[in-house]
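Protein chains: 2
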Amino acid sequence: MNILINGSNEIEPKKKIDAKAASELRQDLVSGDWVVIATGRAKRPDEFGNFQRSHDDKGIATCLFEDPVASGQEPDVLIYERPNDDWSLRVFPNKYPAFSNGKSRNVGEGPYTAVTGHGFHEIVVTRDHFRHLAVMDIMEVAEVFDAYQERFLALMNKKDVNYIAIFHNHGKEVGASIPHPHSQIMAIPVVSPYVQLELDGASKFHKSNRHCVFCTMAEYESESEKRVVFENEEFIAYCPFASRAAFEVHVMPKKHSPYFERITDAQKIKLAEVFSKALGAIYKALNDPPYNFYIHSAPCDGKDYPHFHWHIEILPHTSTWAGFELDTGIEISTIQPEVAAEYLRKQF
Amino acid sequence: MNILINGSNEIEPKKKIDAKAASELRQDLVSGDWVVIATGRAKRPDEFGNFQRSHDDKGIATCLFEDPVASGQEPDVLIYERPNDDWSLRVFPNKYPAFSNGKSRNVGEGPYTAVTGHGFHEIVVTRDHFRHLAVMDIMEVAEVFDAYQERFLALMNKKDVNYIAIFHNHGKEVGASIPHPHSQIMAIPVVSPYVQLELDGASKFHKSNRHCVFCTMAEYESESEKRVVFENEEFIAYCPFASRAAFEVHVMPKKHSPYFERITDAQKIKLAEVFSKALGAIYKALNDPPYNFYIHSAPCDGKDYPHFHWHIEILPHTSTWAGFELDTGIEISTIQPEVAAEYLRKQF
Chain Y
1 MNILINGSNE IEPKKKIDAK AASELRQDLV SGDWVVIATG RAKRPDEFGN FQRSHDDKGI
61 ATCLFEDPVA SGQEPDVLIY ERPNDDWSLR VFPNKYPAFS NGKSRNVGEG PYTAVTGHGF
121 HEIVVTRDHF RHLAVMDIME VAEVFDAYQE RFLALMNKKD VNYIAIFHNH GKEVGASIPH
181 PHSQIMAIPV VSPYVQLELD GASKFHKSNR HCVFCTMAEY ESESEKRVVF ENEEFIAYCP
241 FASRAAFEVH VMPKKHSPYF ERITDAQKIK LAEVFSKALG AIYKALNDPP YNFYIHSAPC
301 DGKDYPHFHW HIEILPHTST WAGFELDTGI EISTIQPEVA AEYLRKQF
Chain B
1 MNILINGSNE IEPKKKIDAK AASELRQDLV SGDWVVIATG RAKRPDEFGN FQRSHDDKGI
61 ATCLFEDPVA SGQEPDVLIY ERPNDDWSLR VFPNKYPAFS NGKSRNVGEG PYTAVTGHGF
121 HEIVVTRDHF RHLAVMDIME VAEVFDAYQE RFLALMNKKD VNYIAIFHNH GKEVGASIPH
181 PHSQIMAIPV VSPYVQLELD GASKFHKSNR HCVFCTMAEY ESESEKRVVF ENEEFIAYCP
241 FASRAAFEVH VMPKKHSPYF ERITDAQKIK LAEVFSKALG AIYKALNDPP YNFYIHSAPC
301 DGKDYPHFHW HIEILPHTST WAGFELDTGI EISTIQPEVA AEYLRKQF
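Heads up: the sequence lines are chains Y and B, in that order.
All residue numbers for the first sequence refer to my numbering, where the first residue is 1 and numbers rise by one.
All residue numbers for the second sequence refer to my numbering, where the first residue is 1 and numbers rise by one.
For the record, the hints were derived by calculation from the structure and aren't laboratory data.
From the three backbone atoms N, C-alpha and C, an ideal C-beta is built for every residue, glycine too.
Check each hint, because a few of them may be wrong.
Straight line, CA to CA, 27 Å or less: simulated DSSO-like cross-link-like pairs of lysine-lysine [said to hold, decoys possible]:
#1 B/K284 <-> B/K207
#2 Y/K207 <-> Y/K255
#3 B/K284 <-> Y/K204
#4 Y/K284 <-> Y/K254
#5 Y/K43 <-> B/K172
#6 Y/K95 <-> B/K43
#7 Y/K103 <-> B/K207
#8 B/K204 <-> Y/K303
#9 B/K95 <-> Y/K43
#10 B/K43 <-> Y/K204
#11 B/K226 <-> B/K255
#12 B/K284 <-> B/K172
#13 B/K172 <-> B/K254
#14 Y/K158 <-> Y/K95
#15 Y/K204 <-> B/K95
#16 Y/K172 <-> B/K43
Covered by chain Y, per the in silico footprint, the following chain B stretches (three or more residues, Cβ under 8 Å) [to be verified]:
#17 103-117
#18 263-271
Label pairs and their calculated CB-CB ranges [stated by the list, open to error]:
#19 Y/S104 <-> B/S203: 46 to 54 Å
#20 B/K103 <-> Y/N287: 38 to 46 Å
#21 B/S104 <-> Y/R44: 40 to 48 Å
#22 Y/A61 <-> B/N50: 34 to 42 Å
#23 B/T264 <-> Y/K95: 49 to 57 Å
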């Protein structure tokens with residue numbers, strides 16, 4: 001089995017997928033990790049969408065982000081205003097930060113390594129309590145990406161900031177304790193271990209194939225079409241071959257670029273179009289499920305990462321990762337990504 | 001920061017932990033992964049235990065595992081009987097397997113690698129619907145480990161089985177869809193990616209230090225005492241320095257051994273004592289929380305893994321891994337493992 005375990009990075013046609021197979025082990029082309037597509041346990045696509053709208057549980061009257069100043073949040077570091085003098089988006093430091101600005105100190109012990117959690121932890125809030133990203137129009141979504149970029153550029157050169165995580169939780173089941181739409185930005189001293197796996201995989205693939213592994217996937221998916229949710233000239237959204245959860249979608253620039261923060265204004269609108277279509281399809285197909293999405297961009301530690309390729313991963317909360325996933329890191333999903341993508345395309 | 005990012009495997013005393021620090025980034029000594037101990041968001045130890053007994057939701061009358069034969073489960077592959085003719089434990093194949101016995105076939109596509117999910121997926125059921133592992137006595141727990149070992153030995157030499165995952169889900173929040181106490185065994189063709197990370201980390205550590213990284217931790221923890229929950233001559237249970245969740249506990253043999261399946265009968269009783277004490281303390285301290293536990297043992301792919309060291313990881317479901325964890329793989333925990341261990345010891 002070793003030939004299969006270690007995989008092959010050669011790009012050559014292999015056998016067609018057999019839809020009747022009881023289950024498949026699929027390998028992530030970048031990280032080398034495995035997932036199981038257990039079609040023997042399959043549900044129909046329309047059986048995944050039985051969610052309660054948990055993000056409406058807490059009312060607007062007691063919302064901490066409806067008027068951040070009045071509710072005692074930290075002072076804004078960025079604010080976008082509308083012509084009518086109301087704000088449309090604001091960014092402020094988290095009142096209960098997982099990382100806060102300070103001196104980075106070694107606090108290891110015995111054989112162990114540890115440092116104080118120096119960094120920055122910010123909240124990106126949009127104006128409307130109920131207008132979450134899946135129902136925003138393209139220009140509203142583009143404005144959110146604008147804010148992500150502006151804060152990325154402001155934080156990336158701060159002392160000891162080597163990685164910037166940008167993510168969004170929707171639904172209390174996936175960590176959104178405050179239902180008002182908001183994203184989080186954490187600027188941290190260590191490189192994300194998951195991005196490190198992708199960096200290693202991308203370097204290895206490039207060494208073997210003289211081509212970017214993410215470009216390879218974007219090109220193959222665009223050509224084969226079956227896992228594509230939506231694409232335009234600049235971006236493609238597709239259900240990954242080795243999806244870790246039912247209806248997972250990745251959004252990727254078609255032109256090679258390691259660095260999210262270098263996106264142009266024109267590209268941001270193209271990104272917003274593809275992202276909105278994909279997230280809107282997930283919203284409709286699964287009846288407003290809880291989801292997380294996050295941006296994977298190259299580290300900002302002063303090194304070059306020419307073989308990385310920034311992208312967004314959208315993970316709807318369609319299953320519980322339990323003993324097997326926690327034990328092994330192999331996720332079990334119960335729908336083929338090809339079937340999920342087809343169902344998402346039907347939502348347009 | 002690179003000197004900190006890459007860590008140091010030298011064993012030398014470092015500065016004492018500062019309990020007043022807002023948060024700490026701690027590095028896992030084996031995998032190199034990071035966690036955040038965010039004490040600025042800390043709860044008191046007794047604030048973690050507000051769980052509903054969800055595993056009692058479904059009644060015994062409709063339980064599928066109360067009489068597996070009558071409820072149409074697959075035929076037993078192992079049964080332990082009591083002198084009174086009732087059974088005490090049985091093992092049978094999962095009716096809805098994630099992996100099933102068959103021919104391993106390449107089902108890759110384009111640049112991607114995939115194989116059919118050949119393998120074995122079994123259920124280990126103990127007799128009593130309500131008597132779950134945290135409340136069992138030592139000899140009952142030893143019998144469960146006995147069954148794990150017996151099935152491991154039976155499955156490890158099957159064709160194309162290269163890794164055996166043994167895990168247990170308690171509570172529907174962490175994947176136990178059937179509340180009757182049961183464990184699962186999956187014999188699979190690929191090595192667990194998480195164990196592969198541990199194998200790589202253990203090899204690297206051994207190369208630098210000529211000593212097992214797990215032995216290093218067991219020895220250091222036993223000597224420093226502050227994170228120890230319980231220990232006897234053969235095993236130690238402690239809250240890991242880089243705990244990924246509040247009240248995480250690892251159980252490890254003190255004598256170096258890569259292979260769980262080589263445990264002796266005498267050792268099994270010593271293991272059951274330490275495991276029962278640790279799980280019982282979690283049960284009492286957190287008011288019967290949902291939890292997963294699993295065994296990490298060396299792969300059974302015919303190779304030798306002299307630098308691995310088998311162990312059990314118990315993960316109580318004390319937090320939701322949300323955007324940041326899914327994005328980066330860095331878990332945020334809100335209690336220091338030293339404080340968690342002290343609170344667990346108070347339960348005896």
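* Asked: Under the criterion that the straight-line Cα-Cα distance not exceed 27 Å, is the pair Y/K172, B/K43 satisfied?
  -> Since the Cα atoms of Y/K172 and B/K43 sit roughly 19 Å apart, the hinted pair holds (cutoff 27 Å).
* Asked: Quick one, are B/K226 and B/K255 close enough, alpha carbons at most 27 Å?
  -> holds (21 Å)
* Hinted pair B/K284 and B/K207, Cα distance within 27 Å -> violated (41 Å)
* Cβ contact check, 8 Å cutoff: the segment 103-117 of chain B against chain Y, three residues minimum -> Contact hint for the segment 103-117 of chain B vs chain Y: holds, 14 residues under 8 Å.
* Is the Cα-Cα distance between B/K284 and Y/K204 27 Å or less? -> violated (48 Å)
* To do: Starting from Y/K207, check that the Cα of Y/K255 is at most 27 Å away, please.
  => holds (20 Å)
* Given pair status - B/K95, Y/K204, alpha carbons within 27 Å -> violated (40 Å)
* To do: Given the hint that B/K172 pairs with B/K254, test it: the Cα-Cα distance must not exceed 27 Å.
  => Roughly 33 Å separates the two Cα atoms, so the pair is violated.
* Given hint Y/K254 paired with Y/K284 - CA-CA distance at most 27 Å -> Satisfied, since the Cα-Cα distance of roughly 26 Å is no more than 27 Å.
* Asked: According to a criterion of three or more residues whose C-beta lies within less than 8 Å of a C-beta of chain Y, is the segment 263-271 of chain B covered?
  -> That given contact is violated, which follows from only 0 residues of the segment 263-271 of chain B lying within Cβ reach (below 8 Å) of chain Y.
* Does Y/K204 lie within 27 Å of B/K43 when you go C-alpha to C-alpha? -> Violated. B/K43 to Y/K204 sits at ~43 Å, over the 27 Å cutoff.
* Cβ distance range 34 to 42 Å for Y/A61 and B/N50, holds or violated -> Violated: the Cβ-Cβ distance is about 25 Å, outside 34 to 42 Å.
Violated hints for the displayed structure, listed by number in ascending order: 1, 3, 7, 10, 13, 15, 18, 19, 21 and 22.
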